[in-house]
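Full structure from sequences and hints, please.
Protein chains: 2
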Amino acid sequence: MTTEPSRMAAAEALRVDARNNRTRIVEAARLLFAEEGLDVTMTDIARHSGVGVATLYRRFPTKEALVAEAFAEQIELCAAVVEDALADPDPWCAFRAVLEQVCAMQAVDKGFTGAFACRFPDATVLDGLRSRAERGFGELARRAKASGELREDFTFDDITLLLMANGGITADSPESALAASRRLVGLLLHAFRADGAEPLPPAPRLELHHVVRPPTAR
Amino acid sequence: MTTEPSRMAAAEALRVDARNNRTRIVEAARLLFAEEGLDVTMTDIARHSGVGVATLYRRFPTKEALVAEAFAEQIELCAAVVEDALADPDPWCAFRAVLEQVCAMQAVDKGFTGAFACRFPDATVLDGLRSRAERGFGELARRAKASGELREDFTFDDITLLLMANGGITADSPESALAASRRLVGLLLHAFRADGAEPLPPAPRLELHHVVRPPTAR
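These protein sequence lines are chains A and B, in that order.
Every letter in the first sequence is one number past the one before it in the numbering used here, and letter 82, counting from 1, is 82.
Here the numbering used here = 1-based position in the second sequence + 218.
There's no promise every hint is true.
Just a sample of chain A residues kept apart from chain B, beta carbon distances all over 12 Å, derived [claimed, not checked]: (1) R7; (2) D44; (3) V51; (4) Y57; (5) R58; (6) T62; (7) L77; (8) A80; (9) D84; (10) A87; (11) E100; (12) S147; (13) T155; (14) D158.
Under the rule of at most 25 Å between Cα atoms (straight-line distance), these lysine to any residue pairs were calculated in the SDA-like manner [as the list claims (entries may be wrong)]: (15) B:K281 - B:R350; (16) A:K145 - B:A412; (17) B:K281 - B:E291; (18) B:K363 - A:A194; (19) A:K145 - B:R400; (20) A:K63 - A:A18; (21) B:K363 - B:R400; (22) B:K281 - B:D257; (23) A:K63 - A:R132; (24) A:K145 - A:D195; (25) B:K363 - A:G186; (26) B:K363 - A:D195; (27) B:K281 - B:N238; (28) A:K145 - B:E291; (29) B:K363 - A:R182; (30) A:K145 - B:D413; (31) A:K145 - A:D84; (32) B:K363 - B:D413; (33) B:K281 - B:M260; (34) B:K281 - B:G346.
Derived contacts from chain A toward chain B, CB cut-off under 10 Å, selection only [said to hold, decoys possible]: (35) T55; (36) L162; (37) L163; (38) M164; (39) A165; (40) I169.
No lab work stands behind these hints: they were computed from the structure.
Computed from a predicted model, the values in this text were never measured in an experiment.
The C-beta atom is built at its ideal place from N, Cα and C for all residues, glycine as well.
Printed below as a string of structure tokens:
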């Protein structure tokens, strides 16, 4: 016979279980989206998170819902970085701050790039946030050009190029990856400046074999 | 009863077969090494090349022998690029030419990076060639610093960083990848110059979603 306290304990255990499942699903999805893009199937996500497909669909009825939850935090962070920069009265500082912060986040969390680069068919709130961040960044670039500090031939494609280049960095530890990323961003900011000449971050300690063999992928 | 000509034809067919097997093995190995690094097993290479493991070991008794053959062409090419540059009397042109050519090769052939970055435990000829290329490049950097054109705080790690960054580029076609790579190398050469100011290659046409979803990987 089941007593009231034990029924409550069982209900609590179920809630904990559901919460753990949800966390595991979102973490597995974030990893798979970041590694393989949004074409990953729900079946793959279920397998990697160790829950059944039925459980997965009970938590996230559509893949879009899962995509949105997996990337929400990063999109919001990115939007906040741009918002902060827009409030900075120094055009070059504002422009530089966004690149430095976004690339630092990307260097220690590849999922961040996914958040910035993926399309969210049904996640209108996130799409809205991201569009606003992109428009905001466009405004920062416009101001930096107007102040004569950002070179005239800078385009938004250069940001994509920077994100790709930064995404290519692999190192033995998040600290090394971050140091390498800082150097790369420093070099590219130097190249983006209309007038040149800013001191660079220190040279990274990199192993040439990491160019093809990221230790994180082993 | 087997006649002499038919025996010869059979022997020829066997030779062609062996040559085809060898080619398939080397191509599969090059691809797997480039994608996954040198930890790929001989069994994996046999499976991907469609030959038996016994055949694979008959052609390449050690993995090192296979690694050396898979990357020989690229190492030789790279060494030749450095040799040519060493003969150039203009220090900056010579330095720039190596970076531009190596990165262009890498942009259209990821295997090239593998060749440059892998260790060849038993392939002393290749190791020798590569060491000579690295020493040669060091000399080119020294000359470019001495002429006041390369910034003093440039280090060999910046080359590794450049190769990683360049390796991060993904695009819809080899042409787009090459255009993006040219822009990136142009930006970084600009940043490497002690005095700044060289015109940049045109901005690439890139899709932001390629940052996480290389079309070649699908």
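Going down the list of hints, with the structure as the test:
no.: 1; hint: R7; in the structure: holds (46 Å)
no.: 2; hint: D44; in the structure: holds (14 Å)
no.: 3; hint: V51; in the structure: holds (24 Å)
no.: 4; hint: Y57; in the structure: holds (24 Å)
no.: 5; hint: R58; in the structure: holds (28 Å)
no.: 6; hint: T62; in the structure: holds (20 Å)
no.: 7; hint: L77; in the structure: holds (17 Å)
no.: 8; hint: A80; in the structure: holds (19 Å)
no.: 9; hint: D84; in the structure: holds (22 Å)
no.: 10; hint: A87; in the structure: holds (25 Å)
no.: 11; hint: E100; in the structure: holds (15 Å)
no.: 12; hint: S147; in the structure: holds (18 Å)
no.: 13; hint: T155; in the structure: violated (4 Å)
no.: 14; hint: D158; in the structure: violated (6 Å)
no.: 15; hint: B:K281 - B:R350; in the structure: holds (24 Å)
no.: 16; hint: A:K145 - B:A412; in the structure: holds (23 Å)
no.: 17; hint: B:K281 - B:E291; in the structure: holds (17 Å)
no.: 18; hint: B:K363 - A:A194; in the structure: holds (23 Å)
no.: 19; hint: A:K145 - B:R400; in the structure: holds (23 Å)
no.: 20; hint: A:K63 - A:A18; in the structure: holds (18 Å)
no.: 21; hint: B:K363 - B:R400; in the structure: holds (23 Å)
no.: 22; hint: B:K281 - B:D257; in the structure: holds (10 Å)
no.: 23; hint: A:K63 - A:R132; in the structure: holds (23 Å)
no.: 24; hint: A:K145 - A:D195; in the structure: holds (11 Å)
no.: 25; hint: B:K363 - A:G186; in the structure: holds (20 Å)
no.: 26; hint: B:K363 - A:D195; in the structure: holds (21 Å)
no.: 27; hint: B:K281 - B:N238; in the structure: holds (19 Å)
no.: 28; hint: A:K145 - B:E291; in the structure: violated (45 Å)
no.: 29; hint: B:K363 - A:R182; in the structure: holds (23 Å)
no.: 30; hint: A:K145 - B:D413; in the structure: holds (21 Å)
no.: 31; hint: A:K145 - A:D84; in the structure: holds (19 Å)
no.: 32; hint: B:K363 - B:D413; in the structure: holds (11 Å)
no.: 33; hint: B:K281 - B:M260; in the structure: holds (7 Å)
no.: 34; hint: B:K281 - B:G346; in the structure: holds (19 Å)
no.: 35; hint: T55; in the structure: violated (27 Å)
no.: 36; hint: L162; in the structure: holds (9 Å)
no.: 37; hint: L163; in the structure: holds (5 Å)
no.: 38; hint: M164; in the structure: holds (5 Å)
no.: 39; hint: A165; in the structure: holds (3 Å)
no.: 40; hint: I169; in the structure: holds (5 Å)
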